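Undergrad: Below, each chain spelled out in residue letters.
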Amino acid sequence: MTATRTLKHWYAVHKWASLICTAFLLLICVTGLPLIFHDEIDQWLEPHAYASLPADTPTASYDRFAAEALALHPGDVIASMYADDDEPAVFVLMAPSFAAIKADVSVMYSIRFDARTAQVLETTRNQGVQHRKFTDLMLALHTDLFAGLRGSLFLALMALLFILATVSGIVLYGPFMKKLDFGTIRRGRSHRLKWLDLHNLLGIVTMTWALLVGVTGTMNELSTPLFGLWQQTDVKQLLASYAGHTVPLQHALPSVQAALDTAQRAVPDMTVVSVVYPGNPFGSPYHYLLWAKGSSTLTSRLLSPVLVDARTGALSALVQMPWYLRALEVSRPLHFGDYGGLPLKVLWALLDLVTIVVLASGLVLWVARRKAHADRLAHLVAAHQASGERS
Amino acid sequence: MMRGSLSWRVWRAPVAISALTLLGLASALWGEHLAWKALCWFALATPVVVALWFAWPRKTP
Numbered sequence: 000m001t002a003t004r005t006l007k008h009w010y011a012v013h014k015w016a017s018l019i020c021t022a023f024l025l026l027i028c029v030t031g032l033p034l035i036f037h038d039e040i041d042q043w044l045e046p047h048a049y050a051s052l053p054a055d056t057p058t059a060s061y062d063r064f065a066a067e068a069l070a071l072h073p074g075d076v077i078a079s080m081y082a083d084d085d086e087p088a089v090f091v092l093m094a095p096s097f098a099a100i101k102a103d104v105s106v107m108y109s110i111r112f113d114a115r116t117a118q119v120l121e122t123t124r125n126q127g128v129q130h131r132k133f134t135d136l137m138l139a140l141h142t143d144l145f146a147g148l149r150g151s152l153f154l155a156l157m158a159l160l161f162i163l164a165t166v167s168g169i170v171l172y173g174p175f176m177k178k179l180d181f182g183t184i185r186r187g188r189s190h191r192l193k194w195l196d197l198h199n200l201l202g203i204v205t206m207t208w209a210l211l212v213g214v215t216g217t218m219n220e221l222s223t224p225l226f227g228l229w230q231q232t233d234v235k236q237l238l239a240s241y242a243g244h245t246v247p248l249q250h251a252l253p254s255v256q257a258a259l260d261t262a263q264r265a266v267p268d269m270t271v272v273s274v275v276y277p278g279n280p281f282g283s284p285y286h287y288l289l290w291a292k293g294s295s296t297l298t299s300r301l302l303s304p305v306l307v308d309a310r311t312g313a314l315s316a317l318v319q320m321p322w323y324l325r326a327l328e329v330s331r332p333l334h335f336g337d338y339g340g341l342p343l344k345v346l347w348a349l350l351d352l353v354t355i356v357v358l359a360s361g362l363v364l365w366v367a368r369r370k371a372h373a374d375r376l377a378h379l380v381a382a383h384q385a386s387g388e389r390s
Numbered sequence: 000m001m002r003g004s005l006s007w008r009v010w011r012a013p014v015a016i017s018a019l020t021l022l023g024l025a026s027a028l029w030g031e032h033l034a035w036k037a038l039c040w041f042a043l044a045t046p047v048v049v050a051l052w053f054a055w056p057r058k059t060p
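Chains A and B, in that order, give the protein sequences. The first sequence stops at residue 390 when you use numbering that gives the first Met the number 0, and every number in between is there. The second sequence stops at residue 60 when you use numbering that gives the first Met the number 0, and every number in between is there.
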């Protein structure tokens with residue numbers, strides 16, 4: 000195959016991969032912009048006020064959160080609890096039953112407690128879809144188009160096409176720039192050339208960031224199947240020895256605070272940040288599943304599971320996460336850009352805006368090329384008709 | 000020789016920007032001190048500054 004033919008094939012790959020994914024990628028980039036600043040936006044739109052207490056006030060017992068939550072909604076079950084990363088709050092997630100969660104995860108609602116006083120601050124029960132925050136709507140559009148797993152898988156496919164478009168764009172950049180200096184924008188000539196140069200320049204300077212965000216975005220879209228794979232393999236194997244055991248009822252469980260303390264002693268260099276109740280479809284039927292994280296920027300993103308027996312309250316296992324879930328955890332900060340303070344968020348937003356211009360300029364070029372082709376065809380037809388009339 | 004120098008001319012700037020981008024992405028993730036974060040901001044600002052520098056509208060001669 001000659002070099003020209005190879006380039007034509009790469010051009011076709013670039014054109015079609017881009018055309019198929021551009022509309023969805025534009026949506027992802029636009030909805031991704033507010034998500035970069037979701038903490039700031041949430042705090043601005045719905046500020047949370049907390050009692051002014053000394054900074055070293057300890058967190059209340061998790062048994063108190065559990066008792067308060069069950070007293071507030073008797074008959075419902077606690078699905079999980081977690082401590083907020085940024086605010087002195089503990090969230091208790093509840094649902095009518097675990098079977099209801101299995102059928103529809105959206106039946107879960109949350110109660111926000113002051114972590115120090117165990118005072119109920121807010122509950123989302125009966126608020127339904129109306130209470131969805133602006134950033135929740137953006138997140139749903141960004142991750143699954145309100146279509147659940149099918150939406151996630153579809154957007155993962157679009158992200159793969161974006162990666163293909165970016166790689167093919169890099170391949171085409173070399174031959175295209177043979178006679179041009181880096182950064183050349185031919186402003187004095189046609190609009191199409193100016194847009195083409197702009198498209199190439201912005202695409203090549205952001206290629207590494209765009210590839211990284213594309214790859215990590217694809218991984219994030221696959222998080223549900225990846226966790227499902229883990230549950231069907233490692234977790235199933237881990238729980239095999241419990242087959243035939245009765246599943247403990249929620250009112251007969253040992254203290255959740257004691258389970259948390261047991262887990263904390265097992266991982267002294269980490270902090271236990273959440274507990275999934277026995278019976279929750281996202282946990283174990285026979286254990287409290289506690290998630291612990293490290294203290295550095297990187298290790299705070301790597302969660303480690305600890306299992307505590309739900310009948311005896313004894314430590315059952317420190318579970319090793321498989322490589323693909325570790326990769327998923329590392330991919331998250333690299334997709335969100337939330338690990339380097341506000342300046343990194345601003346840079347992430349600017350790179351997102353540049354990507355929007357790359358996508359839009361690609362569309363402009365495609366439309367211009369089609370228009371030029373149509374004009375050329377019309378010119379040829381007109382010339383042919385004129386010559387026919389003369390003869 | 001000519002081919003090699005041509006490739007270098009075309010790719011040196013994109014490769015340098017790419018390397019700085021990777022350095023920036025990694026430094027804030029692995030480094031704990033403010034200096035690492037500052038390196039991250041500086042390195043990741045490079046593609047943005049380069050894009051703005053060359054793409055900024057100018058008067059054509």
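In short, the hints are calculated from the structure, not lab data. Given the structure is predicted, the values throughout are model-derived calculations rather than measurements. Some clues are possibly wrong.
Negatives, chain A to chain B, calculated, CB over 10 Å [said to hold, decoys possible]: (1) Ile35; (2) Trp43; (3) Ser51; (4) Phe90; (5) Tyr172; (6) Arg186; (7) Leu200; (8) Ala242; (9) Leu248; (10) Ser295; (11) Asp308; (12) Gly312; (13) Leu346; (14) Arg389.
Simulated pairs of lysine to aspartate or glutamate, DMTMM-like, Cα-Cα distance not exceeding 20 Å [stated by the list, open to error]: (15) A:Lys132 x A:Asp143; (16) A:Lys344 x A:Asp135; (17) A:Lys7 x B:Glu31; (18) A:Lys235 x A:Asp260; (19) B:Lys36 x A:Asp337; (20) A:Lys132 x A:Asp55; (21) A:Lys193 x B:Glu31; (22) A:Lys132 x A:Asp38; (23) A:Lys132 x A:Glu67.
Simulated coverage check for chain A against chain B, where a stretch passes if three residues somewhere in it have a Cβ under 8 Å from a Cβ of chain B [what the hints assert, rightly or not]: (24) 206 to 215; (25) 349 to 363.
Heads up, the beta-carbon is just placed ideally off N, CA and C, and yes, glycines get one too.
Undergrad: State for each hint whether it applies.
TA: Quick rundown of the hints versus the structure:
| no. | hint | result |
| --- | --- | --- |
| 1 | Ile35 | holds (13 Å) |
| 2 | Trp43 | holds (23 Å) |
| 3 | Ser51 | holds (29 Å) |
| 4 | Phe90 | holds (27 Å) |
| 5 | Tyr172 | violated (7 Å) |
| 6 | Arg186 | violated (5 Å) |
| 7 | Leu200 | violated (6 Å) |
| 8 | Ala242 | holds (41 Å) |
| 9 | Leu248 | holds (43 Å) |
| 10 | Ser295 | violated (6 Å) |
| 11 | Asp308 | holds (36 Å) |
| 12 | Gly312 | holds (36 Å) |
| 13 | Leu346 | violated (5 Å) |
| 14 | Arg389 | holds (41 Å) |
| 15 | A:Lys132 x A:Asp143 | holds (16 Å) |
| 16 | A:Lys344 x A:Asp135 | holds (19 Å) |
| 17 | A:Lys7 x B:Glu31 | violated (47 Å) |
| 18 | A:Lys235 x A:Asp260 | violated (26 Å) |
| 19 | B:Lys36 x A:Asp337 | holds (12 Å) |
| 20 | A:Lys132 x A:Asp55 | violated (31 Å) |
| 21 | A:Lys193 x B:Glu31 | violated (43 Å) |
| 22 | A:Lys132 x A:Asp38 | holds (12 Å) |
| 23 | A:Lys132 x A:Glu67 | violated (25 Å) |
| 24 | 206 to 215 | holds (count 4) |
| 25 | 349 to 363 | holds (count 3) |
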